[in-house]
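Starting from the known structure of chain A, fit chains B and C onto it as the hints suggest.
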Amino acid sequence: MPADALGRGVRRLGAGTINAVVRIGYAARFFVAILTHSPQSILRVGLTTREIYFAGVLSLVIILLSGLFVGMVLALQGFDVLEKYGAGDSLGVFVALSLVRELGPVVAGLLFASRAGSAITAEIGLMKTTDQLAAMEMMAVDPLSRIVAPRFWGGVISMPLLAALFSVMGVFGAYIVGVRLIGADSGTFWGNMRAGVGFWPDITNGIIKSCVFGVAVCLIAVFEGYTAKPTAEGVATATTRTVVIGSLAILALDFVLTVFMFRGMGAK
Amino acid sequence: MNRTTIDFWVGIFVLIGIGAVVFLALRVGNLTSLTTTPSYRLEAHFDNIGGLKLRAPVKAAGVAVGRVDRIQLDPRSYEAVVTMRIDNGYQFSKDTIASILTSGLLGEVYIGLAVGGDPQMLADGGQIGKTQSAVVLEKLISQFMFDKASSAPAPAGAAK
Amino acid sequence: MAHLKHRASSVAFDAQSANAVELKGVTFGYDRRRPVLAAIDMTIPRGKVVAIMGASGSGKTTILRLIGGQLRPVKGRVVVAGQSVADLDRAGLFGLRRRVGMLFQFGALFTDLTVFENIAFPMRELTDLPDELIRDLVLMKLNAVGLRGSAQLKPSELSGGMARRVALARAIALDPMLVMYDEPFAGLDPISLGVVGQLIRRMNDALGSTSVVVTHDIYESLKIVDYIYFVSEGRVIAKGTPDEVRASTDPFVRQFVDGEPDGPVPFHVRARPLAAEFAAHAG
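Chains as they are written, first to last, in the numbering used here: chain A, 963 to 1230; chain B, 219 to 378; chain C, 4 to 286.
Just so you know, the hints here were simulated from the structure itself, not pulled from any lab data. A portion of the hints provided could be inaccurate.
Among chain A residues calculated to face chain B with C-beta under 8 angstroms, some are [as the list claims (entries may be wrong)]:
#, residue
1, VAL1019
2, LEU1022
3, GLN1039
4, SER1129
5, VAL1130
6, VAL1133
7, VAL1159
8, PHE1161
9, ASP1164
Heads up, incomplete: computed chain A residues facing chain C, CB under 10 angstroms, no partners named [unchecked claim]:
#, residue
10, GLU1045
11, LYS1046
12, MET1100
13, MET1101
14, ALA1102
15, VAL1103
16, ASP1104
17, ARG1108
The model shown is predicted, which means the values in this text are computed figures rather than measured ones. Each residue gets a CB set at the ideal place from its N, CA and C atoms; glycine is no exception.
The following block holds chain A by itself, in its conformation from the complex (with noise of 0.2 angstroms):
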């Protein structure tokens, strides 16, 4: 029966899209929980201190080589591009513009995502099918506080710092093999960057950009592991989910901010 088939599709399609908007709706009161409970994970430093460590400092190695290796790579491509076209001084421009702008959040938050976003998820997830959340209410400590808050929280702060080690370690990357390998002048890979690239307004959007990233792919991460079916199933579910949607969430986000600091930056 084509005509109940196509029945079927519809009516799914719109049980898809009530879910979804629904799930949407969930985690927006979600994310304003998180923030007025807060307080506690800013009081008891030690909390968000752990969580820090446990998203940014075992992100660093990562981080700091996959930095370096797309730096080298962006420097290689680059140089053979501009080089036709007689621009090969700019390279210092290209590769740190690329990094600082667009590379260096992006690649880092997605990085982030897999790395830490799905390790928190996992975690929560974990708690809650072991019933240590449950338990955690049960002696009136909220775990809002207690659990999600800290680890939102020390995601949110190492983003920014991890996708600014990234863009430098891609700058040095790219000074390695620009400069060091192929032998494009040191003075004008340098000079150039410092000429091309300002403060106000690429790297400041750059650390925009992966602020947002770490509060968008923290709060799906925390969201998802604290919503996980409590089964193993479930939380092997949701720590995918953790990685697909924040991969995707960081991918839009880029287009819709860019789209608005471009225009920005047109307008001046």
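Then chains B and C, alone, in the frame of chain A:
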């Protein structure tokens, strides 16, 4: 994991993270040249600035001496008004010529200053009288074809 | 608790009331047609150890959640220490929970904390006690469950029985007036099972608290409890002291005590007759 160990590593992490931001600001970006080097303003009018951008370098004999600070259109003369910030260490004579140049075919557009022989120097807010506009490729081509057709010589560029 | 850190709630809990917990006509269900609990009446006197028994999925854990205020009844009243739980606001509810300990199924120990820190957790979170005092209190609690030597282990390094004892020590960390045990015997070997059973009894008498034990382990319960409620399909279908239960002729109680596979609780899930099922496939 020991509490003090965690604190130590987080401290290191935050320090190098902030260090990275500072590095980006000072070495990669041009925060220093905007804030620490004292500078003064010069103004120049051009018929056409071509692809000149904000923060483009201002060079004398190939050495960067300043930066383009503002680009506006004079509403009466319909000329482009370019304001430059020149580092305080450099002085330029009153008959300096400012031209809009391109490094390479597709390279960056910058302002070149050619110093004259006038003993009087330009002060803060001073105006560079002689300018040479950007070379617009389409104009050059049409001029070239016009020359071919009429064999009548015409001056290249638009020296004022 | 004179040292409670947070704003004391204005709700007065009467720790001296004769009944620690009363359920009056409590009905609860996630949807209207299939109630999990239907008009339950239960009285848990102060100082006693009371068992709630029933097959898996009979709504036993739901009763604990109602007492702890994690769920609210659709109908009826849950009264804890003279205070109706449904009338409490969030602050009042948290005030109540500070005086109630709970041992979760499989312990629910915090996996990222050591045994010591697990037991110190409620003290650190809810009181302003100085560190030395917390240390002494934790070691006392650990000593009571015989695990003082395991203070620095992680929960993952404990056996099932040890983890249960740590969870018990955590449940009584703040000397609660009421302790709830959700399946404290599940998945334990016979020795650990006996140890945990004896601990529940001993702690209850030493602290002068009241205990509610949700379980399906009839033999251990008969040894340690004062009173037993049998719950099936959301209803209390039998109750009595251990002696009354042993002598009972009620078919449900007999099936439970004797471990018969079939009886009032049927072996087969309700279905159409086997012959009809085969006939349907053949046709």
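Status of the hints after comparison with the structure:
{"no.": "1", "hint": "VAL1019", "in the structure": "holds (5 angstroms)"}
{"no.": "2", "hint": "LEU1022", "in the structure": "holds (7 angstroms)"}
{"no.": "3", "hint": "GLN1039", "in the structure": "violated (17 angstroms)"}
{"no.": "4", "hint": "SER1129", "in the structure": "holds (6 angstroms)"}
{"no.": "5", "hint": "VAL1130", "in the structure": "holds (4 angstroms)"}
{"no.": "6", "hint": "VAL1133", "in the structure": "holds (6 angstroms)"}
{"no.": "7", "hint": "VAL1159", "in the structure": "holds (5 angstroms)"}
{"no.": "8", "hint": "PHE1161", "in the structure": "holds (4 angstroms)"}
{"no.": "9", "hint": "ASP1164", "in the structure": "holds (7 angstroms)"}
{"no.": "10", "hint": "GLU1045", "in the structure": "violated (53 angstroms)"}
{"no.": "11", "hint": "LYS1046", "in the structure": "violated (55 angstroms)"}
{"no.": "12", "hint": "MET1100", "in the structure": "holds (4 angstroms)"}
{"no.": "13", "hint": "MET1101", "in the structure": "holds (5 angstroms)"}
{"no.": "14", "hint": "ALA1102", "in the structure": "holds (4 angstroms)"}
{"no.": "15", "hint": "VAL1103", "in the structure": "holds (5 angstroms)"}
{"no.": "16", "hint": "ASP1104", "in the structure": "holds (8 angstroms)"}
{"no.": "17", "hint": "ARG1108", "in the structure": "holds (7 angstroms)"}
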